[in-house]
Amino acid sequence: MTDLLTLSGVHTHIGRYHILHGVDFAIPEGQTTMLLGRNGAGKTTTLRTIMGLWPASAGSITLAGQRIEKIATPEIARLGVGYVPESMAVFSDLTVKENLVLAARDGAPDTARLEWIFGFFPALKKFWLSRAGALSGGQKQMLSIARAIVEPRQLLLIDEPTKGLAPAIIGALIDCFAELKRRGATILLVEQNFHAAREIGDAVLVMDNGAIVHRGGMADLANDIPLQERLLGLSLEAHQ
Amino acid sequence: MTIVPHMTDVPAQSASEPLPKQPRDLLPLLLPVLLALAMLPLIGSGSTWITLTVASLAMGMMIFIMASGLTLVFGLMDVLNFGHGAFIAVGAYVATLVLLPLASWVQADSLWLNLAVLAPAALAAMAVSGALGLVVERVLILPVYGQHLKQILMTTGGLIVAEQALYALWGPQIIPLPLPTSLRGSFILGDVAIAKYRLLAMGVGLAVFVGIQLVLTRSKIGLLIRAGVENREMVEALGYHIKRLFLGVFMVGSALAGLGGIMWALYREQVHASMGNDLTVLVFIVVIIGGLGSIGGCFIGAILVAMVANYGGFLLPKLALVSNILLMVAILMWRPRGLYAVTSR
Ligand SMILES: Nc1ncnc2c1ncn2[C@@H]1O[C@H](COP(=O)(O)OP(=O)(O)O)[C@@H](O)[C@H]1O
Ligand SMILES: [Mg+2]
Chain A
0 MTDLLTLSGV HTHIGRYHIL HGVDFAIPEG QTTMLLGRNG AGKTTTLRTI MGLWPASAGS
60 ITLAGQRIEK IATPEIARLG VGYVPESMAV FSDLTVKENL VLAARDGAPD TARLEWIFGF
120 FPALKKFWLS RAGALSGGQK QMLSIARAIV EPRQLLLIDE PTKGLAPAII GALIDCFAEL
180 KRRGATILLV EQNFHAAREI GDAVLVMDNG AIVHRGGMAD LANDIPLQER LLGLSLEAHQ
Chain B
0 MTIVPHMTDV PAQSASEPLP KQPRDLLPLL LPVLLALAML PLIGSGSTWI TLTVASLAMG
60 MMIFIMASGL TLVFGLMDVL NFGHGAFIAV GAYVATLVLL PLASWVQADS LWLNLAVLAP
120 AALAAMAVSG ALGLVVERVL ILPVYGQHLK QILMTTGGLI VAEQALYALW GPQIIPLPLP
180 TSLRGSFILG DVAIAKYRLL AMGVGLAVFV GIQLVLTRSK IGLLIRAGVE NREMVEALGY
240 HIKRLFLGVF MVGSALAGLG GIMWALYREQ VHASMGNDLT VLVFIVVIIG GLGSIGGCFI
300 GAILVAMVAN YGGFLLPKLA LVSNILLMVA ILMWRPRGLY AVTSR
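First to last, the protein sequences are chains A and B. Number 131 in numbering that gives the first Met the number 0 belongs to position 132 of the first sequence; there are no gaps in the numbering. Number 84 in numbering that gives the first Met the number 0 belongs to position 85 of the second sequence; there are no gaps in the numbering.
No lab work stands behind these hints, which were simulated from the structure alone. Treat the hints loosely; a few may be bogus.
Ranges of calculated distance between the beta carbons of each label pair, as one might list FRET restraints [claimed, not checked]:
1) B:Ala130 / A:Val212: 18 to 26 Å
2) A:His17 / B:Gln146: 45 to 53 Å
3) A:Glu198 / B:Val214: 42 to 50 Å
4) B:Val160 / A:Leu78: 36 to 44 Å
5) B:His240 / A:Asp2: 26 to 34 Å
6) B:Gly202 / A:Ala111: 40 to 48 Å
7) A:Leu78 / B:Glu268: 39 to 47 Å
Mimicking DSSO-like on lysine-lysine, the simulated pairs with C-alpha atoms at most 30 Å apart in a straight line are [claimed, not checked]:
8) B:Lys219 / A:Lys69
9) B:Lys317 / A:Lys69
10) A:Lys96 / B:Lys219
11) A:Lys162 / A:Lys96
12) A:Lys124 / B:Lys219
Ideal Cβ placement from N, Cα and C applies to all residues, glycine included.
I would like the entire structure built from these sequences, with the hints used as guidance.
This is the structure we're talking about:
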């Protein structure tokens with residue numbers, strides 16, 4: 000099993016704040032890796048650094064054998080990285096269709112692939128010509144995810160997709176991620192909802208204070224309640 | 000130190016629920032109509048009112064052409080270009096290079112000869128202003144992205160240099176620029192006289208407005224511009240170089256300022272190096288009133304500014320100097336981010 004993405008000794012400063020203190024991890028190809036950790040641990044900053052939205056002040060980031068820590072964000076995206084930011088960042092003045100037209104860089108969105116996406120997210124089909132700004136929070140999240148997968152990407156970075164959403168919508172998102180996984184996608188997924196994390200994660204990384212404090216298999220963490228308590232400060236069982 | 004499940008705090012919402020109806024925000028659109036109607040009884044004479052209204056629309060369209068690029072430049076990249084007026088002045092001076100040597104065509108009583116000299120003059124004005132835009136963006140603006148204070152210093156400096164360069168090249172005197180013969184005079188409808196050139200200005204302004212709207216709504220480039228005005232990071236994360244897009248917008252905006260410059264010069268029938276400076280203020284007021292980044296807002300804002308200038312100049316000439324500022328204050332008290340707030344920043 001080869002690693003698609005490797006971070007080693009990555010430091011990130013935002014203005015004068017030192018946020019990431021030497022982040023090291025590797026994401027194996029074809030797996031879903033969960034990135035956990037309390038609020039403010041540095042998970043979003045890690046994803047933004049991979050995307051080149053914050054510059055790494057030290058360390059290296061390697062994607063499929065290529066160093067990317069000095070490359071501009073659009074080039075990183077064009078290497079095949081799909082990004083679903085924490086804020087969803089749908090273009091609210093554009094329609095659902097126009098959001099996806101922009102996300103499909105290689106011409107018009109592929110019809111069969113759209114139908115496949117509509118299978119998980121029928122709302123996107125229904126509101127195809129509506130302004131994205133008029134969608135509900137869950138529908139915006141669906142659109143944001145659809146934008147990242149409208150064309151096949153070699154790596155997906157997804158930041159807290161279930162945050163603040165109703166259980167029915169979380170279910171649709173999990174179905175979508177599970178299907179992406181079956182199709183061989185490599186995913187780095189930040190997820191606070193441990194129930195969801197356990198269902199789709201193969202591997203798990205736990206972050207605290209800007210560094211990785213645990214790496215291992217998802218099943219191992221899910222079955223080891225004392226470890227969960229030590230790493231995450233509570234019994235995750237209680238939140239299923 | 001808890002992992003917070005966010006599942007319970009939002010009511011369940013099915014994905015198939017209909018969208019909340021979002022009525023189009025038409026109030027700003029009504030504003031110029033209401034203003035014009037309110038002026039009718041104050042002005043009294045119907046024919047004077049029509050003349051002033053047509054004058055307002057024509058002037059508004061010219062200001063819109065000059066301001067449209069500026070609003071996109073600000074909306075897309077947060078760039079404050081205080082030197083925008085330089086493109087206006089340069090456009091007007093370049094036009095004199097074509098129009099003055101070919102004065103006999105300008106004076107000829109033939110619409111075709113007149114247009115045969117106007118069209119290349121306008122194209123030359125746009126080409127030179129657009130090319131100057133390329134240089135200005137690369138040299139003055141690229142190094143100071145994201146730094147407003149430096150942008151103001153750089154572009155204000157650029158405006159001063161441009162103005163002095165125009166003085167040096169053409170001298171300090173006002174250059175008269177007579178209207179082509181077939182655009183002089185008015186169409187007379189009953190007791191109402193409508194200046195021909197104002198109709199032309201309205202037509203060109205409308206064409207530019209429709210053209211910009213078509214590009215913004217129908218082309219991928221236009222979608223990228225609108226998306227970039229809202230969230231440029233996400234446009235980059237989708238794989239598009241926002242700075243290349245911005246350079247293109249900057250050049251087109253500069254070219255349009257040049258077009259506005261020749262139109263304004265013909266409207267005033269004179270060219271002077273200080274016109275860039277004077278119009279910068281007006282154009283900034285329009286962009287702020289309209290909502291930074293909004294083409295529709297810029298269009299309405301330009302008409303409002305022109306209406307206040309024309310109606311106000313007729314009714315309360317003493318207030319002419321401050322009327323635009325008063326208009327801006329009134330609009331911002333109603334909508335602090337302008338008629339149409341676009342950017343989420
Ligand atoms: N734009 C910013 N400016 C300054 N500090 C920031 C900024 N964004 C995040 N931080 C800080 O960086 C730390 C990590 O934030 P973040 O990566 O968003 O954490 P997480 O996603 O794990 O909740 C936090 O302490 C946060 O306050
Ligand atoms: Mg976060």
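Between A:Glu198 and B:Val214, does the C-beta distance stay in 42 to 50 Å?
holds, 46 Å
Distance restraint hint 45 to 53 Å, applied to the beta-carbon atoms of A:His17 and B:Gln146
Taking Cβ atoms as reference, A:His17 and B:Gln146 lie about 23 Å apart, which means the hint is violated.
Verify the CB-CB distance for A:Leu78 and B:Glu268 against the hinted window 39 to 47 Å.
Between A:Leu78 and B:Glu268, where Cβ atoms are some 57 Å apart, the hint is violated.
Between A:Lys124 and B:Lys219, is the straight-line Cα distance small enough, at 30 Å or below?
holds, 21 Å
Hey, A:Lys96 versus B:Lys219, does the alpha-carbon distance stay inside 30 Å?
Holds - the C-alpha atoms of B:Lys219 and A:Lys96 are around 12 Å apart, at most 30 Å.
Between B:Ala130 and A:Val212, does the beta-carbon spacing fit 18 to 26 Å?
violated, 56 Å
Is the hinted range of 26 to 34 Å satisfied by the C-beta distance from B:His240 to A:Asp2?
holds, 29 Å
Next pair to validate is B:Lys219 with A:Lys69; report whether the Cα-Cα distance is within 30 Å.
Distance of about 28 Å is within 30 Å: holds.
Given the proposed pairing of B:Lys317 with A:Lys69, does the C-alpha separation stay at or below 30 Å?
violated, 60 Å
Within 36 to 44 Å or not, the Cβ separation of B:Val160 and A:Leu78?
Hint holds: Cβ distance 42 Å, inside 36 to 44 Å.
Are A:Lys162 and A:Lys96 close enough, with their CA atoms no more than 30 Å apart?
Within the cut-off at roughly 24 Å; holds.
For B:Gly202 and A:Ala111, compare the CB-CB distance with the range 40 to 48 Å and indicate the outcome.
Check passed, 47 Å falls within 40 to 48 Å.
Against the hints set out earlier in the document, violations occur for numbers 1, 2, 7 and 9.
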